[in-house]
Amino acid sequence: MGGTTEAAASGRIARRPLIRGRRRMIWADRNFAGLAILPTTLLMLLVFGIPLLFSAWLSLEAWSPDQTLFGGTFAGRANYQDLLTDPEFTGSLILTLEYTAAVVAAELGVGLGIALLLNIDLPWIGLFRTVLIVPMMITPVVAAFCWKLLLDPDHGVINYFIRQHIVWLGQPETALLSVAVVNIWQNAPYVAILLLAGLRSLPHEPVEAAQIDGASRLQMFWHITLPLLRPYLLVALLLRMIFEFRSFDNVYVMTSGGPANATLVLSMYTYLASFVRFDLSLGSAAAWMMMLISLLMCGCFILLVRRREAN
Amino acid sequence: MAALTPVGSSRRRRTEAFTVYAALIALTVVFLFPLVWIVGLSLKTRLQVFASPPLFLWRPTFENYAATLARADFGQAFVNSLLVSAGAVSLSLVVGVPAAYAMARFRFAGRNVLFFALLSMRMLPPIAVLIPMYVLFNAFGLTTTRTSVVLAYTTFSLPLVVWIMRGFFEDLPRELEESAWVDGASRLQAFVRVVLPLIKPGLVAACILCLQLAWNDFLFATVLTNNATRTLPVLMAAFSGGDTSTDWGGMTASGVLVILPVILFSFAAQRHLVAGLSSGAVKG
Chain A
1 MGGTTEAAAS GRIARRPLIR GRRRMIWADR NFAGLAILPT TLLMLLVFGI
51 PLLFSAWLSL EAWSPDQTLF GGTFAGRANY QDLLTDPEFT GSLILTLEYT
101 AAVVAAELGV GLGIALLLNI DLPWIGLFRT VLIVPMMITP VVAAFCWKLL
151 LDPDHGVINY FIRQHIVWLG QPETALLSVA VVNIWQNAPY VAILLLAGLR
201 SLPHEPVEAA QIDGASRLQM FWHITLPLLR PYLLVALLLR MIFEFRSFDN
251 VYVMTSGGPA NATLVLSMYT YLASFVRFDL SLGSAAAWMM MLISLLMCGC
301 FILLVRRREA N
Chain B
312 MAALTPVGSS RRRRTEAFTV YAALIALTVV FLFPLVWIVG LSLKTRLQVF
362 ASPPLFLWRP TFENYAATLA RADFGQAFVN SLLVSAGAVS LSLVVGVPAA
412 YAMARFRFAG RNVLFFALLS MRMLPPIAVL IPMYVLFNAF GLTTTRTSVV
462 LAYTTFSLPL VVWIMRGFFE DLPRELEESA WVDGASRLQA FVRVVLPLIK
512 PGLVAACILC LQLAWNDFLF ATVLTNNATR TLPVLMAAFS GGDTSTDWGG
562 MTASGVLVIL PVILFSFAAQ RHLVAGLSSG AVKG
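Each protein sequence line maps, in turn, to chains A and B.
Once you know that position 148 of the first sequence is 148 in my numbering, the rest is easy, because the numbers rise by one and skip nothing.
Counting from 1 along the second sequence, just add 311 to a position and that's the residue number in my numbering.
None of these hints come from the bench; they were simulated from the model.
Ideal placement from N, C-alpha and C gives every residue a C-beta, glycine not left out.
Watch out, some of these pointers could steer you wrong.
Claimed, not checked - Derived Cβ-Cβ restraints for the label pairs, each shown as a range:
#1 B:Ala334 to A:Ile212: 26 to 32 Å
#2 A:Ile162 to B:Arg325: 32 to 38 Å
#3 B:Leu509 to A:Ala215: 42 to 48 Å
#4 A:Thr174 to B:Leu575: 33 to 39 Å
#5 B:Phe451 to A:Thr174: 42 to 48 Å
Between the sequences and the hints, there should be enough to build the whole structure, so can you do that?
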């Protein structure tokens, strides 16, 4: 604005630039939305669009790092066929789905419990709200190695508490559990925050009506709170599924996928294929399989958001 | 079910409150014990760390912190972490905030496509982008540079910025800009002078959440950096790798130093943070 008023004040001399400036302003206004999204669109193409296209192409090639960028030979479905006939990959796929389901279920259960407790208005409750979300902020790599020390068979405090000598990360049965505990510990508070926001926004009336009708606490929770909370639970469920499906940091630090592939989740499999064995074509194919599964979950999420925005 | 209204006698109410507190304290102990124990380890000497049975009371020592802070690789990684996090967040804010505003206020062709693309950018597994990025960056001589890490980080921070800010812009009444437009301000002027100052809490929330994600990232950084450009999580993973590392005091001290900035920062802006978390993920 400053420019035009100054120009108007200085009279005729400034008239021509004023008109030109106006025109430019009108043009910019008319195309404002386009101009505003242009940088984002370009950056997205650069760091997302082009890499994904390239990775799709890479997954159909037999390419190795010593070749030039486009020097590989076309391999068609070979990489995908290799993956689907590789017991290590199919095992990893099943393991990841099971791991995701179990961890997300635990996170939702614990998170809902915490949210219900934090929703009760008592003095000092704010302190608990603050303290309980601390695990969520911890760098995942640091969290994982902290748990590695806690679970150490010889000097770990957990074995001291239970007076046993369990090699938590060294045997297949306990390794997956140990890796899962870290993520549950970190993300249950996050679920609690989401659900607490949901609980806070629920209407009072149904609960009050039920109270007058003499419903018990459990009945009210089961028949009123839980159904009303459903959309929030669904959002939390899908978000956590999408993010647990890609678990990597805790596995990398604690077990690197071992022992005997007991914790070889898909991210770890893809990482090992791409950046340890440097079979980037196979890695790309595995990554695309992961993406397809994530896209399915993501599609569900978008449907959910859309439906809520429509309401 | 906002706030259970206590029913029954005051005695029953008191038992109830007692149960709730007991449950909360138990939860707090379980959830904070790992962290407290780790901080404790970082304040022990090498002998105390491996004492059997474990020591629960001792005279704390700060030698591990002194040793960690004196390490050249730790300082270097700290600077790298700061640089790439700040770089990724500023880039995402500068690029993403106008886009979020446009998406919240204007209808334009491709709006839904942009929405979907941003969402998938955040939701798809990072390793899927990382593999082609690594190959392409390598071809252009960008791998092991901090620039490559900043670019990689925008894959999660840009969608987050747009997602959070869109929510905040939508909550802002339209009349504010409209009156500015009527007064002759251009769209850009109204955005910069009227809207942005009102949206500061949103900017803070977006900024903190992105900083936290960038600071905590391990996967991108471990592939795209070398010993000179590695960030703190990469260094931490190197510390804890291998069974030979017995310097638990040093490891835990550096771990605490890595998470301390995030925790302090988050507490300082907790109000904004919770608002951002819930607007970004729940409100849609």
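Verification of the supplied hints:
1. Range check, Ala334 of chain B to Ile212 of chain A: about 27 Å between beta-carbon atoms, so the 26 to 32 Å window is met.
2. Our hint of 32 to 38 Å for Ile162 of chain A and Arg325 of chain B holds, since their Cβ atoms are close to 35 Å apart.
3. Distance hint check for Leu509 of chain B and Ala215 of chain A: the Cβ-Cβ separation is about 44 Å, which falls inside the suggested range of 42 to 48 Å.
4. Between Thr174 of chain A and Leu575 of chain B, the C-beta spacing of about 35 Å keeps the proposed range 33 to 39 Å intact.
5. Range check, Phe451 of chain B to Thr174 of chain A: about 45 Å between beta-carbon atoms, so the 42 to 48 Å window is met.
Consistency with the previously given hints is maintained throughout, with no hint failing.
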